[in-house]
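Enquirer: If you read the sequence shown in the working numbering, its first letter stands for residue 8, the second for the next number, and so on.
Some clues are possibly wrong.
Unchecked claim - Think about it this way: if two alpha-carbon atoms lie no more than 25 Å apart in a straight line, the pair counts; the simulated PhoX-like pairs of lysine-lysine are:
#1 Lys198 - Lys170
#2 Lys108 - Lys97
#3 Lys119 - Lys130
#4 Lys108 - Lys119
#5 Lys101 - Lys80
#6 Lys132 - Lys108
#7 Lys132 - Lys119
#8 Lys119 - Lys97
As the list claims (entries may be wrong) - Pairwise CB distance ranges (calculated):
#9 Ala107 - Glu136: 38 to 44 Å
#10 Glu96 - Gln75: 57 to 63 Å
#11 Lys130 - Arg91: 54 to 60 Å
#12 Val88 - Arg127: 56 to 62 Å
#13 Met78 - Leu116: 27 to 33 Å
#14 Glu136 - His173: 41 to 47 Å
#15 Glu110 - Asp85: 17 to 23 Å
#16 Arg133 - His173: 56 to 62 Å
#17 Glu110 - Arg72: 53 to 59 Å
#18 Ala148 - Glu189: 35 to 41 Å
#19 Glu122 - Arg142: 36 to 42 Å
#20 Gln113 - Ala146: 32 to 38 Å
#21 Ala107 - Thr65: 28 to 34 Å
#22 Ala107 - Gln75: 28 to 34 Å
Keep in mind the hints are simulated off the structure, nothing from the lab.
Note that this is a predicted model, so its numbers are computed, not measured.
The C-beta atom is built at its ideal place from N, Cα and C for all residues, glycine as well.
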Amino acid sequence: MSRQFGSLVRGRSLVGALSNLVLTAHAPISSVGFCRGMASKKKEKGKKKEKKVLYNPTLPSVPERRQQMTMYKWQVHDLRVQYRNEITEKLEAKRAAEAAKEEQRQKELEAKNAEILRTRQEKAKRAYEALLLARAERAKAAIEARERFEARGQRLIERARSKLAHSSLEAMSWAISADDAENMIQASERKATRWSVDYVDRRQS
């Protein structure tokens with residue numbers, strides 16, 4: 008019983024000693040630093056954050072920086088103008104090339120159409136000349152045929168005249184008048200002429 012009570016007293020005295028060690032001014036440095044750190048953090052939360060101003064002694068002054076910025080802006084502007092001019096020149100060159108190409112294509116097309124038209128005209132001219140030649144040959148053949156048939160008709164007329172002359176002599180012996188014999192001769196001539204003319208007209212048509 009006494010042993011248990013003694014151990015309890017020693018345990019309580021140890022706890023108190025530890026608590027006094029923490030709260031007294033003779034506490035270790037680690038415990039004091041921890042408490043001070045907690046207190047400083049609470050104070051920092053209540054303060055406003057101050058803006059940090061960076062100072063670089065290597066930077067030029069404000070007027071020089073403004074001048075540099077102005078020069079930079081003008082350089083950018085000049086570069087933009089130069090780029091725009093280059094793009095414009097490229098577009099103009101491209102349009103000029105396309106226009107020249109289109110003009111060349113139009114010239115080639117016109118030359119091709121002119122060649123086709125000239126070929127067609129020459130072909131039509133040759134065909135017309137061939138047609139005229141064929142017509143002339145047909146007309147010549149028709150004239151020759153007409154001349155041949157007229158000659159044949161003339162021969163037939165002469166043959167009919169001679170035949171009718173013999174017939175008239177016989178008719179005179181048969182007591183036929185001379186007028187009747189002449190009428191018979193003229194009728195035969197008209198018949199032979201009409202036959203030859205009709206035949207030539209049929210050949211020409």
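Enquirer: Hint by hint, note whether the structure agrees.
Expert: Here's how the hints hold up against the structure:
Annotation: proposed proximity of Lys198 to Lys170 holds, straight-line Cα distance about 15 Å (limit 25 Å). Annotation: proposed proximity of Lys108 to Lys97 holds, straight-line Cα distance about 16 Å (limit 25 Å). Between Lys119 and Lys130 the CA atoms are separated by roughly 16 Å; this keeps the pair inside 25 Å, and the hint holds. Distance restraint check for Lys108 and Lys119: the Cα-Cα separation of roughly 16 Å lies within the 25 Å cut-off, and the hinted pair is therefore satisfied.
This hinted pair does not check out: Lys101 and Lys80 have alpha carbons roughly 31 Å apart, beyond 25 Å. Under the criterion of a C-alpha separation no larger than 25 Å, the hint pairing Lys132 with Lys108 is inconsistent with the structure, at around 36 Å. Between Lys132 and Lys119 the alpha-carbon distance is near 20 Å, which keeps this suggested pair within the 25 Å criterion. Note on Lys119 and Lys97: the hinted pairing is violated, with a Cα-Cα distance of about 32 Å set against a maximum of 25 Å.
With their beta carbons about 43 Å apart, Ala107 and Glu136 fall inside the hinted range of 38 to 44 Å. One distance hint, 57 to 63 Å for the beta-carbon pair Glu96 and Gln75, is violated here, with the actual separation near 31 Å. At about 58 Å, the beta-carbon gap between Lys130 and Arg91 stays in the expected band of 54 to 60 Å. At roughly 57 Å, the beta carbons of Val88 and Arg127 sit within the given window of 56 to 62 Å.
The supplied range of 27 to 33 Å is broken by Met78 and Leu116, whose beta-carbon atoms lie about 56 Å from each other. For Glu136 and His173, the Cβ-Cβ distance of about 55 Å falls outside the hinted range of 41 to 47 Å, so the restraint is violated. In this structure the hint that Glu110 and Asp85 lie 17 to 23 Å apart at CB is violated, the actual value being about 36 Å. In this structure, Arg133 and His173 meet the distance hint of 56 to 62 Å, their C-beta atoms being roughly 59 Å apart.
Between Glu110 and Arg72, the C-beta spacing of about 56 Å keeps the proposed range 53 to 59 Å intact. Ala148 and Glu189 have their C-beta atoms about 37 Å apart, which keeps the hinted 35 to 41 Å range intact. Distance hint check: the CB atoms of Glu122 and Arg142 are about 30 Å apart, inconsistent with the given range 36 to 42 Å. In this structure the hint that Gln113 and Ala146 lie 32 to 38 Å apart at CB is violated, the actual value being about 48 Å.
Here the CB-CB span from Ala107 to Thr65 is close to 58 Å, at odds with the stated 28 to 34 Å. In this structure, Ala107 and Gln75 break the distance hint of 28 to 34 Å, their C-beta atoms being roughly 47 Å apart.
The structure is inconsistent with the numbered hints 5, 6, 8, 10, 13, 14, 15, 19, 20, 21, 22, although it conforms to all the rest.
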